[in-house]
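Visitor: Listed below, chain by chain, are the residues.
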Amino acid sequence: MKTAKVHFTDSCIELAHGAGGKASRRLIEGLLVPYMMGDKPTELNDAAYVDADGCRLAFTADSFVVNPRVFPGGSIGELAVNGTINDLAMGGAKPLALVTTLILEAGLATSELEREVAAIAKAAQRAGVPVVGGDTKVVEHGKADGLFITTAGIGLTDPRVSLSAKNVQPGDQVILSGPIGDHGITVLLARGELDLEADLTSDTRPLWPFVSALIEGAAPGLRWLRDPTRGGVATALNELARDAQVAVMLDEEAIPVRPAVRGACEILGLDPLHIANEGQFLAIVSPEYADIALKTLRSVPGGEDAQRIGEIQAEPKKAVLARSRYGGTRMIDMLIGDPLPRIC
Amino acid sequence: MKYVDEFRDPELIRKISEEIHRLVDPNYHYRFMEVCGGHTFSIFRFGLQNLLPENIELVHGPGCPVCILPMGRMDDGLSIAQQPNVIFTAFGDVMRVPGKHGTPLELKARGADIRMVYSPLDALKIALDHPDRQVVLFAIGFETTAPSTALTLMRARELDVSNFSVFSNHVLIIPAIQAILDSPDMRIDGFIGPGHVSSVIGAHPYEFIAKKYRKPIVISGFEPLDLLQSILMLVKQMREGRFEVENQYSRVVPSEGNISALDVMKEVFEIRPLFEWRGLGTIPQSALKLRPEFAKWDAEVRFQIEGARVNDPQMAQCGEVLKGVLKPHQCKLFGKECTPEHPVGALMVSSEGACAAYYHYVHLQDTVGK
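Chains as they are written, first to last, in my numbering: chain A, 1 to 344; chain B, 345 to 714.
Just chain A, with the same shape it has in the complex:
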């Protein structure tokens, strides 16, 4: 699908360019894609497809630079496996194998490296996806932040589904796999900069079991999948609305958010829709398959809280809106920069 021409004119790279919101999109579309992929029409998804001898492979890579490296419910090693598996799953592909690159800063404690390598192994074993290779580089002290991990993955797409924004039609239903914001708020609190505590853990987990079940139960109705990581649900749905030239109308009341996430967002003036997730995904499903898809998701352990949260509309194109329980409508924009707390 051809997207509108973007020009990247920012004079230097800021953290916002990596935050998953508008600035990231501008960097990718305005600078990276034109050079690397030329003017060929391209669709920007979590995984790319490669056709080989009648098979369609999905191919992806992702880097992990989270701070702190360990947080309630997970760590950078676990994220590096789950995140890449999830990129493949969102492409409708069964993950086959991973390779992982470690960038180590001189001075990193061996015990910490060992802990994260063990976390990588454990997460790969849990997901049933082997790590088949990788690379290690060491950089001078001060040239990196302890440990960066890049993981690439390859998967085999299921011929029963074709997932793309261009398939999305008015009337399609928006399904969310579970409560949002757990990962982002957990990491924010784990940084220890706020005197806030909450009984929260990251939601990091492999999503292929859910996608696999959805394909078995509702393949003809599956249009588009996306795990709303950085930038949150708001950014993922804005990208969909833009790419598919449709509107997304959310029913705000139906969006599952845990009380601890809601509370932290209230205090900090953040919108849960902008907070990062690592173990949830959005599915756009045709209306006739929406019930079966929801039932299927809820039948997979860990999918009990899945909800139908909205509907695709024809107008206003390229917009995401939320209807409040009071009858008001608000516009949901993409994340701009990083979520910044308000002071009062």
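To be clear, the hints were calculated from the coordinates, so they are not data collected in a lab. Using N, Cα and C, we set each Cβ at its ideal position, and we do this for glycine too. Treat the hints with care, since some could be wrong.
[Said to hold, decoys possible] Calculated pairs, PhoX-like style, for lysine-lysine (alpha carbon to alpha carbon, straight line, at most 20 Å): (1) B:Lys640 - B:Lys469; (2) A:Lys317 - B:Lys680; (3) B:Lys633 - B:Lys610; (4) B:Lys580 - B:Lys555; (5) A:Lys143 - B:Lys452; (6) B:Lys680 - A:Lys318; (7) B:Lys640 - B:Lys610; (8) A:Lys166 - A:Lys318; (9) B:Lys580 - B:Lys359.
[Said to hold, decoys possible] Which residues of chain A face chain B? A few of them, derived with a C-beta cut under 10 Å, are: (10) Ala16; (11) Lys22; (12) Gly269; (13) Tyr326.
We have chain A; now place chain B onto it with these hints.
Guide: Chain B only, in chain A's frame:
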């Protein structure tokens, strides 16, 4: 969530909305200003305007401390941030406010040591952790945040921390309201009084609005029910020909204010004779500076800040928006040159700013057709 959900009960909200519809004079166009940026944010977030009669217009006031910060003060702050050996700290809201040569985030990307803090005490802690660096807090906020800056300064004095200072941009709400009331294009019928500020200063300082200017004011909380009830109270006052200070937010706002907070402010701060507000011009006695006793921790003294004056960007109509003369989308730059990602005026920066709130929440409303 306790203390939140009670104030978002759809049935109660529907009832109050109906009562407002019943009590308004259909032949009169009401203009109520919500002074506080937090109110603006809530109004948009919950779509409250949709629940009001069409002849009630909500005007977004000057109560967002980021929005009223003139570019000169930003430039002064950022000139400190670029000095060697300085760690410059600021609240999240400030990080995207443009100075003449970029925002704090842009300067940080170019290498300045600029850090976001969540409270003034966090900045003091950074100073204690880095005794070899100069740590500066870019302090902003109305009476809501001034007491915590004051307490931090008292703590710095107690510990005799020599590498910490505060660049005070604290402002006062009453002179701002006074300036709006005295403005020749003033068209406001009543005020939704700020909740957080009033929890510090109390209800009494607003008496002049009712007595001298004969305008009603209702101090309001931030939940949908709080705001609708406050609007109902304003409509009732007008209907009954009363001009009073009423306190809808009595669960948080004591009439006499927070005496101990006011005391620490008095101990640390004195009133500046003049202070420039973005869009509103120079307002006498409208801001706080450190008392001479705290000169050791005053960044303006330590870094010999003379006070840059930078004219607001041409074409930007922040002042008219702040006074309620223009709606945000009526500004010439709105949504074109000025967006939340690249704000020209500060009203587009903070989520409490009227322009950002408009941009995020309602600028497609016409297309949606409500």
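Visitor: Take the hints in turn and mark each one as holding or not.
Guide: How the hints compare with the structure:
With a C-alpha separation of about 17 Å, the suggested pairing of B:Lys640 with B:Lys469 holds against the 20 Å cut-off. With a C-alpha separation of about 19 Å, the suggested pair A:Lys317 and B:Lys680 falls inside the 20 Å cut-off, and the hint holds. In summary, the hint linking B:Lys633 to B:Lys610 is supported, as the alpha carbons are separated by about 11 Å, within the 20 Å threshold. Using a Cα cut-off of 20 Å, the hinted pair B:Lys580 and B:Lys555 holds, with the two alpha carbons roughly 17 Å apart.
Restraint check: the Cα-Cα separation between A:Lys143 and B:Lys452 comes to about 17 Å, which is no more than 20 Å; the hinted pair holds. Our distance criterion of 20 Å between C-alpha atoms is met by B:Lys680 and A:Lys318, whose separation comes to about 17 Å. For the hint linking B:Lys640 to B:Lys610, the alpha-carbon distance of about 17 Å falls within 20 Å, and the restraint holds. Taking the CA atoms of A:Lys166 and A:Lys318, the gap is about 13 Å. The hint holds against a cut of 20 Å.
Restraint check for B:Lys580 and B:Lys359: the C-alpha separation of about 15 Å stays at or below 20 Å, so the hint holds. The criterion of a C-beta within 10 Å of any C-beta in chain B is met by A:Ala16, whose closest approach is roughly 7 Å, and the hint holds. Hint on A:Lys22 holds. Least Cβ distance to chain B is approximately 6 Å, under the 10 Å limit. Interface hint at A:Gly269: satisfied, since its Cβ lies 6 Å from the closest Cβ of chain B, which is below the 10 Å cut-off.
Because the beta carbon of A:Tyr326 sits about 5 Å from the nearest beta carbon in chain B, less than 10 Å, this interface hint is met.
Of the hints listed earlier, there is not a single one the structure fails to meet.
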